[in-house]
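Asker: Here's the letter readout for the chains.
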Amino acid sequence: MTTPLVLGATRGQSAVVLEATDLRRTFSVGSRLRPTHVSAVDGVSLQLRAGETLGVVGESGCGKSTLARMLVGLEKPDGGSLRYRGEDVTAGRLRDRRLLRRGVQMIFQDPYTSLDPRMTVGDIIAEPLAATRTLTGAKRRERVAELLDLVGLSPGMTSRFPHQFSGGQRQRIGIARALALEPDVLIADEPVSALDVSVQAQVINLLGDLQKRLGVSVLFIAHDLSVVRHIADRVAVMYLGRIAEVGDTATVYDTPAHPYTQALLSATPAVDRADRGRLARRRVLTGEPPSPANPPTGCRFNPRCWLATDVCRTEVPQLRELPGGSGRLVASHHAEQALAAPVV
Amino acid sequence: MGAPLTDRPAALRVQGLSVTFTGGPIEIPAVRDVTLDVGRGEVVALLGESGSGKSVTARAVMGLIDEHTRVDAEVLMLGDVDLLTTTTEQRRRLRGERMSLVLQDALSALNPVLTIGDQIGELFRVHRGASRKQARRHAIELLGLVGIPGPGQRVDEYPHQFSGGMRQRILIAMAIALEPEFLIADEPTTALDVTVQAQILELLDSLRTTLGMGILLITHDLGVVTEVADRLAVMYAGRVVERGDADSVLTRPAHPYTEALLRSVPQAAQRGGDLLTIPGSPPSPGQVPPACSFHTRCHMAIEVCRTVRPPLEPVAAGRLAACHRSQELLNGVPA
Ligand SMILES: Nc1ncnc2c1ncn2[C@@H]1O[C@H](COP(=O)(O)OP(=O)(O)OP(=O)(O)O)[C@@H](O)[C@H]1O
Ligand SMILES: Nc1ncnc2c1ncn2[C@@H]1O[C@H](COP(=O)(O)OP(=O)(O)OP(=O)(O)O)[C@@H](O)[C@H]1O
Ligand SMILES: [Mg+2]
Ligand SMILES: [Mg+2]
Chain V
1 MTTPLVLGAT RGQSAVVLEA TDLRRTFSVG SRLRPTHVSA VDGVSLQLRA GETLGVVGES
61 GCGKSTLARM LVGLEKPDGG SLRYRGEDVT AGRLRDRRLL RRGVQMIFQD PYTSLDPRMT
121 VGDIIAEPLA ATRTLTGAKR RERVAELLDL VGLSPGMTSR FPHQFSGGQR QRIGIARALA
181 LEPDVLIADE PVSALDVSVQ AQVINLLGDL QKRLGVSVLF IAHDLSVVRH IADRVAVMYL
241 GRIAEVGDTA TVYDTPAHPY TQALLSATPA VDRADRGRLA RRRVLTGEPP SPANPPTGCR
301 FNPRCWLATD VCRTEVPQLR ELPGGSGRLV ASHHAEQALA APVV
Chain P
345 MGAPLTDRPA ALRVQGLSVT FTGGPIEIPA VRDVTLDVGR GEVVALLGES GSGKSVTARA
405 VMGLIDEHTR VDAEVLMLGD VDLLTTTTEQ RRRLRGERMS LVLQDALSAL NPVLTIGDQI
465 GELFRVHRGA SRKQARRHAI ELLGLVGIPG PGQRVDEYPH QFSGGMRQRI LIAMAIALEP
525 EFLIADEPTT ALDVTVQAQI LELLDSLRTT LGMGILLITH DLGVVTEVAD RLAVMYAGRV
585 VERGDADSVL TRPAHPYTEA LLRSVPQAAQ RGGDLLTIPG SPPSPGQVPP ACSFHTRCHM
645 AIEVCRTVRP PLEPVAAGRL AACHRSQELL NGVPA
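Residue numbers (this note's numbering), protein chains in the order written: chain V, 1 to 344; chain P, 345 to 679.
A partial selection of chain V residues facing chain P, derived with a Cβ cut-off under 7 angstroms:
#, residue
1, Gly168
2, Leu195
3, Asp196
4, Val197
5, Gln202
6, Ile204
7, Pro290
8, Ser291
None of these hints come from the bench; they were simulated from the model. Beta carbons: idealized from backbone N, C-alpha and C, even for Gly.
The shape of chain V in the complex, shown without the other chains (with noise of 0.2 angstroms):
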């Protein structure tokens, strides 16, 4: 894909912070003598903008987390470009990542590695406020009771350790963590997946409140579609590598257009009892779980794929716009087809 498609172009107005254009990174695992190369992301382009929260979805291993660690530059693609902010911040030197860190954070999907065991949970807390030197001490200790609190801690917890807290907690110590310099972009890589819904509901409104206030925008990557219905603005559905469709929410969610998105949105449990058994209806996608160690040729989905045809082995489907349009990009040969067969 060589070409950098302008994803959420409609929606027009408000700046784009935070641009992607063709990232790409492959692993290379397995015994040196016979290394495998794992594709993990492969040519994804995606834009950010000032205030807006942009779900991402997608099988487990498709490269969720390996994009949001490019994207905090974390991770140096092997290919693509990032710019934050206008400024071309892809080489990854030391005022590149200065300004990354001061303005875009990332919280974690494992909340468990990504704390300190021998820090405690203030300076856990407060060691971004203190990398930047802008508070006295009695501030900063101030600012961890005020982020504590606003994540549902009680500010008494600042001299535990992290092992002495739970999985939701902990969690919540690292949402703490990204939000203590107020960045203009969060990355937030499951951010909620280790909360319990109350508390995931306290998460969610904190998130859509600072959004208001400050103008946040969010990258949201949840396997959870009902959580990411409800706070995304856009979505984009990944499967191994590459973004099979980019909309709206609503577009996406009520007339998936990617063969792939029908049969996600198709797998995902009933909240109301009487509709147990749901599951056993769902579409399901035949065919080994794809290897992104050995990733089929042509469009990557059409191995599970029931719509796939010759074309679908040979050629990669670019994203691109349905006639009627919306906005709305789909990544498959068969997008009409598909749209005109909804999966229910």
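Got chain V sorted already, so can you dock chain P with the ligands onto it with the hints?
Answerer: Just chain P with the ligands now, with coordinates in the frame of chain V:
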């Protein structure tokens, strides 16, 4: 009340379990007087707010505690084995063989310097006396079973080379490797997208039917609970506040906390608006309000809730709740 609520033979019976952390300046009672049972071939879901004591309960049942933790229980039985009288060594053998735990924190539960194949294979070598080659074959088979693509290629990789959801599935593979009769799965699907989650739930379901495995499923995902649970127990601030069969609890909660929990789920209808939350924060175990510990956040609280702790009592056939106003809640009296 100690009598099992199910007629199946018990895979696990817990009565009066309390867990206290003694390492700090004050003792922290994280779990108090918990009674639970899981029948063979049954899925019991354990729900509750973050920090309510679910993982601590799981670790105590498995005997995975350190010297700064005190565990008391009246009954702790795994099938016919009394876990209160087994030695540390006997417990260690039982883990993996007859009971296992899928830990909530997937990465820290895996050894970073061993390949995945070696870690899964070790189970077969230690417990089944398998050869290296057989162990590796078993490992590959299990990785395939939990949906890791290209298992043959990836078996020799290290934990950090896998995605979050893959690590979680590797833990599940290790927990079911020896086909134990009882499994505790602590948030086993939090990192999984819905399609993979559906596969894992089906896998657990088939183990439950073919092997009669009893499963205690700790989760905050009500969609998952709805889909697979036979019965459920709800914890709040270290105690079980409601127990019963999943159908009736989910449609008609008898505790205001359960009710509030069900209302916090995002629904398609209210997109964008604020989600309903429970006012206030969950209490930390050192400072639980007296009497009913939920009264400070409860919209139905009355005077008695502030002075007398409601016991966990039968409120309807096969159901228990610890609330002074359960009957009103069940009868749908507007609060
Ligand atoms: N450091 C690494 N070395 C080798 N392979 C890696 C590394 N990091 C990620 N991968 C591989 O890249 C692919 C994408 O991983 P990534 O963590 O981005 O997935 P994900 O979409 O976040 O999945 P999940 O939903 O399970 O968290 C996986 O196949 C993973 O095994
Ligand atoms: N080692 C410890 N020392 C002191 N307190 C602890 C320790 N481990 C856990 N706790 C506390 O015990 C309480 C219960 O923790 P637990 O991990 O069981 O919660 P949980 O119900 O699993 O929550 P989550 O849904 O967030 O995982 C928490 O308030 C936690 O802070
Ligand atoms: Mg991830
Ligand atoms: Mg837990």
